[in-house]
Amino acid sequence: MKKKGYYGHWGGAFVPEVLFETFKELNVFFEEVKKDSSFWHEYLQLMSSYSCRPTPLTYAENLSKHFAGGHIYIKREDLNHTGAHKANNVMGQGLLVKRMGKKRVIAETGAGQHGVATATMAAKFGFDCTIYMGEEDVQRQRPNVFWMEKMGATVVPVTDGSKTLKDAINEAFRDWVTNMDSTHYVLGTVCGPHPFPEMVAWFQSIIGIEAREQILQAFGKLPDRVYACVGGGSNAMGIFQGFLQDEQVGLVGVEAGGKGLSTGEHAARLAGSDASPGVAQGYKTMFLQDSDGQMLDTHSVAAGLDYIGVSPILSDLWEKGRVRFAAATDSEVMEALDLTMKKEGIIPALESAHGFVQAFKEASDLGRDEALIINMSGRGDKDIFTIANAYGDPSWKEFIIERAEQYKKG
Amino acid sequence: MSKLEEAIRTRLRDREILLMTHLVLGYPSFDVNREVIRQMVENGVDLIEMQIPFSEPMADGPMILKANQESIARGAKVGQCLEFAKEMTAEFHIPFLFMTYYNILYKHGLEEFINRAHDINIQGFIVPDLPPEEGREYLEHLKSRNMAPIQIFAPTSSKERMQELAQNGAGFIYCVARRGVTGQKTDFDQDFNEYIKRCRSATGLPLAVGFGIRSKSDGQG
Chain F
28 MKKKGYYGHW
38 GGAFVPEVLF
48 ETFKELNVFF
58 EEVKKDSSFW
68 HEYLQLMSSY
78 SCRPTPLTYA
88 ENLSKHFAGG
98 HIYIKREDLN
108 HTGAHKANNV
118 MGQGLLVKRM
128 GKKRVIAETG
138 AGQHGVATAT
148 MAAKFGFDCT
158 IYMGEEDVQR
168 QRPNVFWMEK
178 MGATVVPVTD
188 GSKTLKDAIN
198 EAFRDWVTNM
208 DSTHYVLGTV
218 CGPHPFPEMV
228 AWFQSIIGIE
238 AREQILQAFG
248 KLPDRVYACV
258 GGGSNAMGIF
268 QGFLQDEQVG
278 LVGVEAGGKG
288 LSTGEHAARL
298 AGSDASPGVA
308 QGYKTMFLQD
318 SDGQMLDTHS
328 VAAGLDYIGV
338 SPILSDLWEK
348 GRVRFAAATD
358 SEVMEALDLT
368 MKKEGIIPAL
378 ESAHGFVQAF
388 KEASDLGRDE
398 ALIINMSGRG
408 DKDIFTIANA
418 YGDPSWKEFI
428 IERAEQYKKG
Chain X
872 MSKLEEAIRT
882 RLRDREILLM
892 THLVLGYPSF
902 DVNREVIRQM
912 VENGVDLIEM
922 QIPFSEPMAD
932 GPMILKANQE
942 SIARGAKVGQ
952 CLEFAKEMTA
962 EFHIPFLFMT
972 YYNILYKHGL
982 EEFINRAHDI
992 NIQGFIVPDL
1002 PPEEGREYLE
1012 HLKSRNMAPI
1022 QIFAPTSSKE
1032 RMQELAQNGA
1042 GFIYCVARRG
1052 VTGQKTDFDQ
1062 DFNEYIKRCR
1072 SATGLPLAVG
1082 FGIRSKSDGQ
1092 G
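Taken in sequence, the protein lines are chains F and X. The first sequence begins at 28 in the working numbering and counts up one residue at a time. The second sequence begins at 872 in the working numbering and counts up one residue at a time.
It should be emphasised that the hints constitute simulated quantities derived from the structure, not laboratory data. Be a bit skeptical, because a hint or two may be false.
[What the hints assert, rightly or not] Partial pick of chain F residues on the chain X-facing surface, computed with a CB cut under 10 Å:
(1) ASP187
(2) ASP208
(3) GLY305
(4) GLN308
(5) GLY309
(6) ASP317
[As the list claims (entries may be wrong)] Straight-line Cα separation of at most 25 Å, DSS-like style, residue types lysine-lysine; simulated pairs:
(7) X:LYS948 - F:LYS190
(8) F:LYS51 - X:LYS874
(9) X:LYS937 - F:LYS31
(10) F:LYS369 - F:LYS92
(11) X:LYS937 - F:LYS190
Keep in mind it's a predicted model, so treat the numbers as computed, not measured. Glycine included, every Cβ here is placed at the ideal spot set by N, Cα and C.
The following block holds chain X by itself, in its conformation from the complex:
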């Protein structure tokens, strides 16, 4: 079991549902990021997903797209994101994850990037444009360091596909609540319930539901 899954399971002993939040590093500034994270941790957020900005975030909707572009336009560099993450993981003792696109890792040097993330106690990665078929090396590097390559389920994923993804995943599974990009409205209807049942039957890993959650009460452990 990965360190991340252990941490999640420990937390789940005390509460039924955990809350993971997301922010784009460098947007609107690292200072604001720092303050937001401090408040989030003080208010009981369980996990934080820090997105390293990329100029072509194809899976993100207009809000996060804009945040990515503004962050880069304001001069945010990958090196600064790593420094900032190091500061956060040292100060706050909850699991931190990196979300980014594959080119950021690839350009930096995959193994070197993962080593740096490991050194600063990042517990997992979410890379939405890296399916397991393209990410063999990435999966091996993360798993050998006991870090979690978080896999994504989508409403379009078949049960077989989910099982295949889960075998490559660790920590938890990120269940995309709806079709489309991030930040659009989600209907928590019958189809949604069936989808979550399908997710649940495909894996024993904890499930996180994201993309389109608008209120805190929509979270699921």
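Isolated chain F (complex conformation):
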């Protein structure tokens, strides 16, 4: 018999006893809303009026010509309210929190997109909100911190461990074990203890449902391949679910290759050979860890991909050979970003640009009668400081220095 919350032998719910009843309650509510078609209807209504769903599927004509291979389509999750696919999960969990009658939400965030989405949802629904964010990510994504605070959320910089996403998750759990009666933890990705992987995948499945319909309408047949970046894996699971049953559609997850797989400075769990099975943060999956079981420091130019683990659902699909994994290095990401901006006038987030890298590498393998879809999980203008810095843009530097001088004068 399939054990609940398991995907193959990955997943589970490795939670401290103090949260046993909280998870029991969450499971009851989640099972209830899954069966209630009015809940999904309410969710679709909300996403079409408060966000921009359905998000378009854009034909990238210039990029398609440039690579002279398959037709390139881009699923525009960047056009969601708050600029990323994170809103799908957050608004869904927000509706669930309303049903549960809780008044406070907490969340971890890496790139800050999930934090901004959660702060937005909390403002709209009238919840108190605390966001945990690794100190290193606070530095990398300062504009998102600004917006979270402006929307009334408290942002807590996490100074423990590697000061990135995994540490923010640990800190959110520490809050939750104290405040579970009033508080729901809005986990941002398809990781963590059951039911989170299933629940977040369910809310994100809206991406794939739309994309499948849209490509059939625009192109007349299914795509040959679908590409998505993978941090925890929520945008990838979102779009892949639309095509899982179509065995002819190749699904490709692209992880953070950082400075290169051989350098150890990356966050490639399934594309590389550095990860091994483990149990941490409440679930079993492939983790980047040492031989003692201590988690390793990861690296990526994209804060949202800079994570030690990966969705247990994706580990299972990887093991079964249904999803193929690749890695994109930081420098390849900057090149793909540059090309996409120049050719299409579209700015993908650094995270999303990882998916573009692999799609560009393979586009010319496809025939002119074939198509591929890239899931653009978010927009890149949030990354202006990181991107400008990576390009070493001189006029931007000058602007920052001037602005700093003005602030100093007061």
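Since chain F is already given, all that's left is putting chain X on it; use the hints.
Relative to chain F, chain X alone:
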């Protein structure tokens, strides 16, 4: 009855309340650990819980979190922790327990790790992120070696849940005194007394109260 419960019950004939202490191995160093344990035993500590550090200690508060991370940063390895434990159990004749997170056992190889702990006379394990639902194999391995898989009660646990946990436990039950992570202040109020009554009615195993005890007088047998 597990060896650990026997030892606890024997000690309880002489005194009403026993004292269990906790330390993180390798923090600040194994040498300091050695000295602290010697003093603890000399001063009559009844049981010692040795925490093998883990990089993601999700149930621990800031103090123990920091100790875990410092220990790892200073190079403490799981193998060293086992060697150190072997030395302690040979020298001091009180029960020693391992506290750690499941990944340490899992990564090492569950059965192999438990065998090693058994060989060096560790009497039980506390693994806060391994509920019985996920730990069938772990429970079987420990029980077949007469070691104690110590279960944890929380103030949020219902009586039914406590009974279920107790059936899977041995040695004693670790009653988390309060919500939250380790090292925060505990109010020993009316709610607390009712909670302890609930714990007592759910199991015949000895109870240990932890997480947030700040003074020796707060201990309970």
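- Are the Cα positions of F:LYS51 and X:LYS874 separated by 25 Å at most? violated (34 Å)
- Hinted contact F:ASP187 with chain X - closest CB pair below 10 Å: F:ASP187 check passes; min Cβ-Cβ to chain X is 6 Å, inside 10 Å.
- For the hint on F:ASP317, just tell me whether its beta-carbon gets within less than 10 Å of chain X. holds (9 Å)
- Pair hint F:LYS369 and F:LYS92, alpha-carbon separation not exceeding 25 Å: Given that 25 Å is the threshold and the Cα spacing comes to 14 Å, the pair holds.
- Interface hint for F:GLY309, Cβ within 10 Å of any Cβ on chain X: holds (7 Å)
- Query: With a cut-off of 10 Å, does the beta carbon of F:GLN308 approach a beta carbon of chain X closely enough for the hint to hold?
  - Reply: holds (6 Å)
- Message: What's the verdict on X:LYS937 and F:LYS31, does the C-alpha distance respect the 25 Å limit or exceed it?
- Response: Not satisfied, since the Cα-Cα distance of roughly 34 Å exceeds 25 Å.
- Task: Using 10 Å as the Cβ threshold, decide whether F:ASP208 counts as touching chain X.
- Result: Status holds, d = 9 Å.
- Item | Hinted pair X:LYS937 and F:LYS190, Cα distance within 25 Å | Measuring from Cα to Cα gives roughly 13 Å; hence the hint holds.
- Message: What's the verdict on X:LYS948 and F:LYS190, does the C-alpha distance respect the 25 Å limit or exceed it?
- Response: Status holds; Cα separation ~22 Å.
- Message: Hint F:GLY305 vs chain X: min CB-CB distance below 10 Å?
- Response: holds (5 Å)
The earlier numbered hints that this structure contradicts are 8 and 9.
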